[in-house]
Amino acid sequence: MIGTRSERVSLTSLRRLAIVPALNEAGSIQSVIREIRAQDPDFEILVVDDGSTDGTAGLAEAAGAWVVRLPFNLGIGGAVQTGLQYARDHDFGIAVQIDADGQHDPTELPKLLAPLLAGEADVVVGSRFLGERNYKAPFLRRVGIRVFAAIISAVVGQPLTDTSSSFRAFGRRAIAYFSRDYPHGFVESVEATVIAARCGLRLTEVPVVMRQRLMGQSSLTLPISIYYSIKVLVAVFVGIFRRSAYELKEE
Amino acid sequence: MTPFRVSIFAAVAALILLVVVFELMRSRRLQERYALLWLLTGLVVFVLAVWRSLLGWAADAVGIAYPPSALFVLASFFILIVLLHYSTVISRLSEQNTVLAQRLAILENRLREAQDRPD
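Chains P and Z supply the protein sequences, listed in that same order. Going by the working numbering, the first residue of the first sequence is number 1, and it counts up by one from there. Going by the working numbering, the first residue of the second sequence is number 1001, and it counts up by one from there.
So that you can see chain Z by itself, here it is in the shape it has in the complex (with noise of 0.2 Å):
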């Protein structure tokens, strides 16, 4: 069974990711889109932290021995979901960056050209 402080801790962390994440998304500086599978992370931990017969099950289901250990592997595996989400994110935008920045630049030549040639 999972140690009673453990419980008490991984609820309060997983409850200050979610009120950050709320916060951030009010203040308008994260965009839904980003928030969701950290709001999903927060509540999938919380929700193991407090019902804690549901993550000795969980646990005992995959062969560790140790609750507690499980609900840190499963936030590890989230990690990883959302660093895998921001690598997608960043080369779509590191593309759509390649994309501005040559149609600038052909928009700035053919700026030039026009001012060359003011007939």
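Chain P on its own, in the form it takes in the complex (with noise of 0.2 Å):
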């Protein structure tokens, strides 16, 4: 026996998922499973295998997570939506996104997950630019994201520093909705970030620091990074005219 019955509720309530969507990082998956699990044994790992060929999936069942492979590559919004629809499923009440490349720190988890224990925000996003300044990117990719938050922060009506990272946590509402409605593709944090202010998440911001990565160099080149800069700000575009598909249900 644990506790008394509403002790079990609480704890169950406060089950807690990490996703860790992952394309070919067998470098670097388990460490990083390694270090979640040594910051917070109270998490449940899930590794999303989005199509991988280099055996990141059989590593990190290796390392004690739990794994879905995707039959093909979906793209990270894809791959997230398939953590979040596994949380929902399994009644998880918070499900934190975590990065396989290792450039997301998992002792600050703490900091990402304290405004969804107050009850106080359903996503809370771990910005680069609040406080700590100590974030190295290069310039453009800097200016890039300054840009997109000032577009995103007019848009939501909520002042916001960073609508890109995806060091990111969700609460039971959030987990809810997203599971059915979650953009595609690749950059999808920011319509995402956009599509909770639509359908009435509410967002918070916490700093955090973020590491160089462990493993491997970021997928974006710059016609690729223009290419996903239109798309995206043609579906925020969109997105400001546009219904939420389902209606959040209060509990």
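Don't take every hint at face value.
Some chain Z residues judged to face chain P by a derived CB distance under 8 Å, without partners named [unchecked claim]:
#1 F1022
#2 E1032
#3 L1100
#4 R1103
#5 L1107
Here are a few chain Z residues that face chain P, going by a calculated C-beta distance under 10 Å [said to hold, decoys possible]:
#6 M1025
#7 S1027
#8 R1028
#9 Q1031
#10 R1033
#11 A1035
#12 L1039
#13 I1064
#14 R1092
#15 E1095
#16 Q1096
#17 V1099
#18 Q1102
#19 R1112
In silico SDA-like pairs for lysine to any residue, Cα to Cα no more than 20 Å straight-line [stated by the list, open to error]:
#20 P:K231 <-> Z:L1039
#21 P:K231 <-> Z:R1033
#22 P:K111 <-> P:D42
#23 P:K231 <-> Z:T1088
Calculated directly from the structure, the hints in this document are not laboratory data. We treat Cβ as the ideally placed atom computed from N, Cα and C, and that holds for glycine.
Starting from the two chains in their separate frames, assemble the complex, guided by the hints.
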């Protein structure tokens, strides 16, 4: 027996899932899993393998994570949504998205979870531009992130500093909504921010420090960045005129 | 020079295309990534329809004597690009469909085996 009935209920509502979308991250996936476990053993870890060909899924299983293998590459948005559906189906109260390349530091998890646990937010975004400024990135990337932040802040009517951060925590309401309606493809977090605001999810940013990647290079080249920037801007513009796909059920 | 009525007709047609594409996106019947080429088509045709001297110059540059023909050629070219893009999309979808059918068949087989041997 573990505690009283009410204690068990509150424990259940706090079950937490770490969603780790991974595409060919064999070099870093095991250390990411170990670090999450070392930081917070209560986390169940789900690696969503988005069509890796380098044995990422097997390494993740060997490190003790749950693994969902997508039959073909869906892109980061589809992979994250798979994790959110898993969280919904298995009744997790909190889901955190953590990159498989090691740039998200699991010791920042308590900061990310605090607003959710306090019931103050439905989505918490780890921002690289709040508080300590130690984020190192190419000049153009930083400018791009700033420009998007300014546009999205205006669209959602709330000052935001980092709309493309993928270090995010989702509460129960956000899991319920995003598991049904989540943007697909790449750089999906910008669109997700707008969707969150439009459907009434409460969004908060907390400052986090991000590390250099353990392995690999950013997959973004300049032409691809320009293509995705245009695509995201079009999506955000259309999103302003769009109604929510689903009504959020209040609990 | 392009007849004025041709310019107006082409501009209105391009605007209608843009509005229809926008409405399809808004109502979630068209994903952004499949809308971008249509939006580009509509924008280019619209710009060349209202910027008459640019169309005249472009037609002259490629040796087309009658500028509205250049507009027609350009629109056809964009439609070709969109079609080619769809061919690649269909190829990808049919490949993914094969993978899904195979995975489903194997999954059903495993489920039946598990049900036949409940222990």
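Status of the hints after comparison with the structure:
| no. | hint | in the structure |
| --- | --- | --- |
| 1 | F1022 | holds, 7 Å |
| 2 | E1032 | holds, 5 Å |
| 3 | L1100 | holds, 6 Å |
| 4 | R1103 | holds, 5 Å |
| 5 | L1107 | violated, 11 Å |
| 6 | M1025 | holds, 5 Å |
| 7 | S1027 | holds, 8 Å |
| 8 | R1028 | holds, 7 Å |
| 9 | Q1031 | holds, 7 Å |
| 10 | R1033 | holds, 6 Å |
| 11 | A1035 | holds, 7 Å |
| 12 | L1039 | holds, 7 Å |
| 13 | I1064 | violated, 30 Å |
| 14 | R1092 | holds, 9 Å |
| 15 | E1095 | holds, 8 Å |
| 16 | Q1096 | holds, 5 Å |
| 17 | V1099 | holds, 5 Å |
| 18 | Q1102 | holds, 9 Å |
| 19 | R1112 | violated, 20 Å |
| 20 | P:K231 <-> Z:L1039 | holds, 11 Å |
| 21 | P:K231 <-> Z:R1033 | holds, 7 Å |
| 22 | P:K111 <-> P:D42 | holds, 16 Å |
| 23 | P:K231 <-> Z:T1088 | holds, 19 Å |
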